[in-house]
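A.B. asks: Sequence:
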Amino acid sequence: MYTKSNSFDLAYKIFSTLQDPDVVSWNTILSGLWGVNGLQFVLEMNRSGVSFDAVSFTLAISFSADLYEVGFGRQIHCLVFRSGFDSDVFVGNSLITMYLRNGCVEDARKVFDEKPNRDLVSWNALISGLTQEGDYGHEAIRVFIEMVSREEFRLDHVSLASVVSACGQERMFDLGCQVHCFAMKVGLDEHVSVANVLMSMYQKTESSDCAVRVFDNMRERNVVSWTTMMSIDGNNAAPLFNSMKLDRVQPNEVTFIALIYSVSPEDSLAIGNMIHGICFKTGILSEVNVSNSLITMYAKLGYTVESRKIFDEMSYKEVISWNSLISGYAQNDQCEEALRAFSSLLTHCMPNQYTFGSILSVITAAQTMSLTYGQQCHCRILKLGLSTNEYVSGALIDMYSKHGSILESQKAFQDTTHRSLISWTAIISAHSKHGDFQAVMRLFEEMLGSGLEPDNITFLAVLMACGGKGRVDIGISIFDTMVSQYKLEPWPEHYSCVVDMLGRAGRLAEAEAMAKRIPLGLGFSAMQSLLGACRFHGEVEMGERVAEALMAMEPKESGAYVLMSNLYAERGEWGMAARVRKEMRERGVKKEVGFSWVDVGMRDEIHCYKFSSGDRSHPHAEEICRVAECLGLDMSELEEDRNSSMGWLSEEVACK
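Note that UniProt numbering has the sequence shown beginning at 1, numbered continuously upward.
Note that these hints are calculated values from the structure, not bench results.
All values reported here derive from a predicted model rather than from experimental measurement.
Treat the hints with caution; some may be incorrect.
[As the list claims (entries may be wrong)] Straight-line C-alpha distance at most 25 Å; calculated SDA-like pairs for lysine to any residue:
no.	residue 1	residue 2
1	Lys204	Ser420
2	Lys110	Gly71
3	Lys487	Gly506
4	Lys402	Val627
5	Lys582	Glu622
Modelling step: build the complete structure from the supplied sequences, incorporating the hints.
C.D. replies: Here you go:
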């Protein structure tokens, strides 16, 4: 009585007066405990010599599960076996849950298979546990099908919620729909837990309309229902939040995170401030995950000063907090701030794979950053044993390739034990940027042979390699395969690659037809490639047409004017060339200054020196120019790539 009425101290006082408490008395006290106190009481109970019963074992196992003490749980399991309670259905169900919660899938399955008596709870424990493990969705579905085919249980909401969740994890839309129909048939589709996971499943399978219909048909909605709907329909997150409050449902931490993440880069600062204010008034800012989300939100809006302010006001910072700050600086091209934040992080906590993923992307994107700093980060990664992580290895491959070290990129790829699509795409892109067509095609075939399906980024890298080596027919074939076989919607960049390779090959009519397939307003890069091809092949009529379209799309972009002026000049039409230059001046269009970067190799120097034509301000300008001259002479001897040779010679002239 006292235990159930939350008067545990009084209950324990009475228990202490008992001279020889029986197992029921011990169990009564045990049921009022939790956590470490529960485990300690189990040990005391065992030392007293009292014989455990099914209730004792069930409670002891539940303590082990809640505290993730699988070692203690295994000891209890041994005691269960010795005491002859291994056939008890409740004890067995608790063991299944305990093992699955600790990630011991094989142990859980063994307990389940050896159970002589299985009830619906046994099956639900296994299916739910497999689903919650994350990587066992297919196994959970298989067990569910096995249960339906072998047993005659009347399924409950736990069974259906678990299998629907597994369908969402594995993106199995058709099976999820079938389970939904079954839930409607047995009248469980309106159960709040089933409806919630149905919404989540439809969201993960990119069927948001179905999720909205499920939400609209719900008679009862809890905080999970509203939060899920806010994450699905981000554009209406604020109205949904207000409706939830009118429905007298209290938001939780996850609700506020969904509201914060609904803010898009196109939104105004006022919207971000409004959401920040709501968080402040409700006192939810003390939750570290909410503050982390606000840091990300302000960075997304471009206000990194506000992000830093929230970060500095946090009483407790975890590595995710630092990662959010560093990533925000990286997104806003504030490389110096990102590096300072990274250096500060190293003195406060241990970086993880996402930390290095962000900082390596900063080093990769910052053209002024020396490779030396990237190598220092690589050393830290090796010391922490993170070099085999797919995100880190992908970032390393990209960083080294963009700094010209393809051999280091290959080594980083070879060190990756689990090669995911990210790793394969990174190494394919690396070789593509370095013009190694054969390596790109070989790696692409190896990736397909491993069973992975390429995505848009993978295909873009392969198309770039085809274009760089003039393999037009192969490139067209790969583009068609991407659309027809893999059902991927081409990005403007894919069209641009195809237009570029067709244009270089002189197939201008086909290139123009391909450019017209790009959605309106998104084909600027492709049209630039086409105009460059018109200039190369002396096609004035088409060039004028393309240049006019480019100027309409981006009136202040100098590229179209310069290319058209050069096209006229190369054909000797000096009057037309002068007219284009005049239009540039009248419209206030200025040609962008070209820059080059050089790593001067100074000790402890993490930046490269940036210079333009005629710039001799660097104290080592003479040495830089001499090296450029030597490189220019070496490159001029390589007749494989005349354009590259001329590029180096032009840099040599820039120094002079």
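A.B. asks: None of the hints should be skipped; say for each whether it holds.
C.D. replies: Evaluated hints:
no. : hint               : result
1   : Lys204 with Ser420 : holds (20 Å)
2   : Lys110 with Gly71  : holds (17 Å)
3   : Lys487 with Gly506 : violated (29 Å)
4   : Lys402 with Val627 : holds (21 Å)
5   : Lys582 with Glu622 : violated (37 Å)
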